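There are 2 protein chains.
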Amino acid sequence: MAKHDALPLVVLTEQFAKLPGIGMKSAARLAYHIMSMDEEDVAAFAQALLNARQTVHYCRCCENLTEQELCPICDDPSRDSSVVCVVESPKDIAAFERTGEYKGLYHVLHGLISPLRGIMPDDLRIRSLLERVRKGGIEEVIMATNPTVEGDATASYLSQLLKPLGVSVTRLAFGLPVGGALEYADEVTLYRALENRNQM
Amino acid sequence: MAKHDALPLVVLTEQFAKLPGIGMKSAARLAYHIMSMDEEDVAAFAQALLNARQTVHYCRCCENLTEQELCPICDDPSRDSSVVCVVESPKDIAAFERTGEYKGLYHVLHGLISPLRGIMPDDLRIRSLLERVRKGGIEEVIMATNPTVEGDATASYLSQLLKPLGVSVTRLAFGLPVGGALEYADEVTLYRALENRNQM
Numbered sequence: 002m003a004k005h006d007a008l009p010l011v012v013l014t015e016q017f018a019k020l021p022g023i024g025m026k027s028a029a030r031l032a033y034h035i036m037s038m039d040e041e042d043v044a045a046f047a048q049a050l051l052n053a054r055q056t057v058h059y060c061r062c063c064e065n066l067t068e069q070e071l072c073p074i075c076d077d078p079s080r081d082s083s084v085v086c087v088v089e090s091p092k093d094i095a096a097f098e099r100t101g102e103y104k105g106l107y108h109v110l111h112g113l114i115s116p117l118r119g120i121m122p123d124d125l126r127i128r129s130l131l132e133r134v135r136k137g138g139i140e141e142v143i144m145a146t147n148p149t150v151e152g153d154a155t156a157s158y159l160s161q162l163l164k165p166l167g168v169s170v171t172r173l174a175f176g177l178p179v180g181g182a183l184e185y186a187d188e189v190t191l192y193r194a195l196e197n198r199n200q201m
Numbered sequence: 002m003a004k005h006d007a008l009p010l011v012v013l014t015e016q017f018a019k020l021p022g023i024g025m026k027s028a029a030r031l032a033y034h035i036m037s038m039d040e041e042d043v044a045a046f047a048q049a050l051l052n053a054r055q056t057v058h059y060c061r062c063c064e065n066l067t068e069q070e071l072c073p074i075c076d077d078p079s080r081d082s083s084v085v086c087v088v089e090s091p092k093d094i095a096a097f098e099r100t101g102e103y104k105g106l107y108h109v110l111h112g113l114i115s116p117l118r119g120i121m122p123d124d125l126r127i128r129s130l131l132e133r134v135r136k137g138g139i140e141e142v143i144m145a146t147n148p149t150v151e152g153d154a155t156a157s158y159l160s161q162l163l164k165p166l167g168v169s170v171t172r173l174a175f176g177l178p179v180g181g182a183l184e185y186a187d188e189v190t191l192y193r194a195l196e197n198r199n200q201m
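So the protein sequences, as listed, match chains F and P. Under my numbering, the final residue of the first sequence carries the number 201; numbering is consecutive throughout. Under my numbering, the final residue of the second sequence carries the number 201; numbering is consecutive throughout.
If we strip away everything but chain F, and leave its shape as in the complex, we get (with noise of 0.2 Å):
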């Protein structure tokens, strides 16, 4: 957006370059697209976005974002509420719930430790968990952080805070993924795929 542009359209194009991923180039075309779009296109637009930061807003128990008090997995009473698994972040739920296979509950982190971008235990949901676990009746929490130098850290920070509280702390398995060819594996899985072997 040069000079010439009219100002509006630069203002838009700077909000859209707010967004993570999200360069000026792509930001002036999506600016740009807007001006094509009839204008109650663009109204339902800014409704939406105003109506999910007003309305959406963290689950009381699990910190999931839901528009309830409570999250609708934190109010299903058929969930197993003695297990609970810890994950970095709202979109990681939605993947185990694909497996259709966990029944037990949640808590979102909203991200994870990383002294390099300033991110300190204190920034993330933390306290509500160990709150939860010391309310008793968890006898299970499971670490789903992925398996990165910071979800490994930030697991492995909340496994000794945890663990004094009397509950099994434990980490999702990491070895080869199903359907993936053993050539094509990196040494890390590979080898953590032979240190983890089970008996057949």
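Quick caveat, the hints were computed from the structure, so don't treat them as lab data. Do not take every clue at face value.
Identical chains share a label here; the pair holds if one copy fits it or two copies do between them.
[As the list claims (entries may be wrong)] Restricting the straight-line Cα-Cα distance to at most 25 Å, the calculated cross-link-like pairs of lysine to any residue (SDA-like) are:
(1) K26 with L191
(2) K26 with D42
(3) K136 with A44
(4) K26 with P178
(5) K26 with E15
Since the model is a prediction, treat every value here as computed from it, not as a measurement.
Based on the hints, put chain P in the right spot on chain F.
Chain P in isolation, oriented as in the chain F frame:
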């Protein structure tokens, strides 16, 4: 986004996914990002969308996007109104203005003729271009559509309409990009560069 997500988030994701170049996964990521933004920032974004769509419209003369009746370029008496450069979209004007060399006016088609994608001449701002030329005062029309099949076809089509009106119709030169290496030039570009060679 799965059925476990709050509805307003699903709606927002669908809105993002309607934008060009944004798939469902990116749209979900953007929607989650909106949730982590300050409420005022989201309101500013929504307002920018509405503002841009409502206050920006087409220049009465050249069809560029502007907040005024005439865009700043058409409204500038120091520009040479005898030359009109025909471009596909408002973005292209910014590119020409960056050169600082072009002093004429523009005309924005808002697309290229593309029967395969259902874009016919009537969908473009061609009528207003012909009216401008008929009104008189224009000596040269420069076709500055992209060097693609659709850009070339649109330029040829317009040229046939414009020539009978007694104006000179020119096309941007094709050749080697300045600073480019000959060995990396594709055959068509090199052929055009050879064909259009100049006396030294």
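Hints versus structure:
Within a single copy, K26 and L191 get their C-alpha atoms no closer than 41 Å, and across copies no closer than 29 Å, so neither meets the 25 Å cut-off. In this assembly of identical chains, K26 and D42 lie within 25 Å of each other by CA distance both inside one copy and across copies; the values are 23 Å within and 21 Å between. Proximity of K136 and A44 under a CA criterion of 25 Å is satisfied in neither setting, with 45 Å inside one chain copy and 38 Å between copies. For the identical chains of this complex, K26 and P178 are inter-copy neighbours only, at 21 Å across copies versus 37 Å inside a copy, given an alpha-carbon limit of 25 Å.
Taking identical chains as interchangeable, the C-alpha atoms of K26 and E15 lie at most 25 Å apart whether they share a chain (10 Å) or sit on different chains (22 Å).
The earlier numbered hints that this structure contradicts are 1, 3.
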